[in-house]
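There are 2 protein chains.
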Amino acid sequence: MTNPLSFALKDVAKGVAAAAVALLVSLPALAQTDPLPSWNDGPAKQGIVDFVARVTKEGGPDFVPQAKRLAVFDNDGTLWAEKPFYVQLFFAFDRVRALANQHPEWKTKEPFASILKGDYKAALSGGEHGIAEIVGATHAGITTDEFAEIVANWFATAKNPEKDRLFSKMDYQPMLEVLAYLRDNGFQTFIVSGGGIDFMRVFGEELYGIPPAQVVGSAGKLKFELKDGKPVLLKLPEVDFVDDGPGKPVGIQMHIGEQPIFAFGNSDGDLQMLQYTCLKPGPHYCAFVHHTDAKREWAYDRDSSVGRLDKGLDAAKEHDWTLVDMAKDWKTVFPAE
Amino acid sequence: MTNPLSFALKDVAKGVAAAAVALLVSLPALAQTDPLPSWNDGPAKQGIVDFVARVTKEGGPDFVPQAKRLAVFDNDGTLWAEKPFYVQLFFAFDRVRALANQHPEWKTKEPFASILKGDYKAALSGGEHGIAEIVGATHAGITTDEFAEIVANWFATAKNPEKDRLFSKMDYQPMLEVLAYLRDNGFQTFIVSGGGIDFMRVFGEELYGIPPAQVVGSAGKLKFELKDGKPVLLKLPEVDFVDDGPGKPVGIQMHIGEQPIFAFGNSDGDLQMLQYTCLKPGPHYCAFVHHTDAKREWAYDRDSSVGRLDKGLDAAKEHDWTLVDMAKDWKTVFPAE
Chain A
18 MTNPLSFALK
28 DVAKGVAAAA
38 VALLVSLPAL
48 AQTDPLPSWN
58 DGPAKQGIVD
68 FVARVTKEGG
78 PDFVPQAKRL
88 AVFDNDGTLW
98 AEKPFYVQLF
108 FAFDRVRALA
118 NQHPEWKTKE
128 PFASILKGDY
138 KAALSGGEHG
148 IAEIVGATHA
158 GITTDEFAEI
168 VANWFATAKN
178 PEKDRLFSKM
188 DYQPMLEVLA
198 YLRDNGFQTF
208 IVSGGGIDFM
218 RVFGEELYGI
228 PPAQVVGSAG
238 KLKFELKDGK
248 PVLLKLPEVD
258 FVDDGPGKPV
268 GIQMHIGEQP
278 IFAFGNSDGD
288 LQMLQYTCLK
298 PGPHYCAFVH
308 HTDAKREWAY
318 DRDSSVGRLD
328 KGLDAAKEHD
338 WTLVDMAKDW
348 KTVFPAE
Chain B
18 MTNPLSFALK
28 DVAKGVAAAA
38 VALLVSLPAL
48 AQTDPLPSWN
58 DGPAKQGIVD
68 FVARVTKEGG
78 PDFVPQAKRL
88 AVFDNDGTLW
98 AEKPFYVQLF
108 FAFDRVRALA
118 NQHPEWKTKE
128 PFASILKGDY
138 KAALSGGEHG
148 IAEIVGATHA
158 GITTDEFAEI
168 VANWFATAKN
178 PEKDRLFSKM
188 DYQPMLEVLA
198 YLRDNGFQTF
208 IVSGGGIDFM
218 RVFGEELYGI
228 PPAQVVGSAG
238 KLKFELKDGK
248 PVLLKLPEVD
258 FVDDGPGKPV
268 GIQMHIGEQP
278 IFAFGNSDGD
288 LQMLQYTCLK
298 PGPHYCAFVH
308 HTDAKREWAY
318 DRDSSVGRLD
328 KGLDAAKEHD
338 WTLVDMAKDW
348 KTVFPAE
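Line by line, the protein sequences are chains A and B.
Numbering-wise (the working numbering), the first sequence opens with residue 18 and increments by one.
Numbering-wise (the working numbering), the second sequence opens with residue 18 and increments by one.
Quick partial rundown of chain B residues pointing at chain A, CB under 8 Å, derived from the structure:
(1) R218
(2) L239
(3) G274
(4) E275
(5) Y293
Residues from chain B that face chain A, not an exhaustive set, calculated with beta carbons under 10 Å:
(6) L87
(7) Q205
(8) F207
(9) D215
(10) E222
(11) P229
(12) A236
(13) K238
(14) E242
(15) L250
It is worth saying that the hints were derived from the structure and are not from the lab.
Using N, Cα and C, we set each Cβ at its ideal position, and we do this for glycine too.
Bound conformation, chain A alone (with noise of 0.2 Å):
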């Protein structure tokens, strides 16, 4: 039998309860803000926010349930400056010197050599087979653990050589306040980029708030071991999927499940996953971060190595997505160190 006084004590408890939960909802008009205080005013801030607001409308014809927000950012260049080399190149680098006594071999052979004379550019000249190299030395041969704690440590001193800024703090203010104001708006954010997974979830949470399992990127492959009768992953060093170009639909497939609604990158190898997001029917939004910034950042598009911008540049046009103006829109670049 069903205690009647039990139901009386629920019933008075949901009165409550939706008492409660109205007054918390009108909370947030009370306390209304800027949500993006690093943007300047004009279009680009604007149709994030305007997209925000119509994909959020309940009853809206452009309304998102909020289990389908799901927003993509490409990391180097997008969330954090790439140049002049991406930062995971950077630590790479470092990787080589920091391994160059058990590798007496290393100071004639390419692109070794080159590195240990700090001619990064030398070291980069054979292109895709030589950073594969790069990589497969540094990035290979511990596990999961110890590279995660390698990174960490890396990253508490190291520097952007041209602006002597710790790399931690190149990443985006303005960026930071897209994704949480996604966020706040029912969104979940990932990171999509070509850079290894395994390097970016070391600071994924820290810098951007992006856990773990929201970490889409390039990875190498990995073998299971026990190792004395404890569980480690084993970074192999042979290349499992590379998250660029065409790899990024496949990636966000793999990972996420679905097509996204919100995506930002800033270089060519950000096509494809805006034109995944973007080239569908419903509501969408696209962006590319443009770099004009020479004096706050670098100025870069159609002749870059490193983060071209061409081919985006006339999709951009051709479909309408947003060109963030780096020197024009953002207020402030870096966060404060």
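Given chain A, put chain B in place with the hints provided.
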């Protein structure tokens, strides 16, 4: 200048909000019910409840912050039935029949000829190579969206031939309760299965409340294309990743990026997942569903070709992992049809 009225209003609102939160938090106490009603009282049920109590007790020695409460579940044989063959194989067999008109050569070509004759055992006698051929012929050459639609249509009517029950109603009611109970206690629940990731995502959300991004599985290679200007992902007939045995900890690292604290499996294919979860310091819970119920489901372990539990039985004994005795521990097996 700050408006003093808005400040005063904010303070009032904060006080009301605190009271509201206190009320909401106290509600569950009024409505406390058995979270696992389909489980008989006993050590298996108690073990789950005790573990959840320990890791959610703030200030307790085994407290785990919400973001780290990661739970992984095998699918076939753990969340739903896997006999007489995996559900996905029945899908593939039906798909072979549906495509037979386009492939007259299948009439005399194995393993297709045996499938068309209804002799599934003979069709599977070719081992992994034969299964790869079946999967390649039935899971590729179409886009991910087309595949999802075909699978959804199939599930609407497909039945288990031995139980004459819809496959979509052969999930285990007690395990649905475990999934919901964990989520109610701040866990994220993931499927980590040897089954196809694109296949499981079709029903993961509806059946288990597990969204596509929390499904980890075996995968074929994908190719991004613009088809008449629309972005699609084409399923290629090449295996990309097998999420079984030692592949499961690898799949967990690739998709989740952290070690789970709770793992449920039912066969030797789950052994490494349980080792990865439970052979480490810190609070953890591991269990196998032991198929002991020939009457309501099926009874099998060490000698079964599908879902063999042999090394796992020994490991469970060695490491004191839970063995869920289906016949004894489960009040009901399947949900009401």
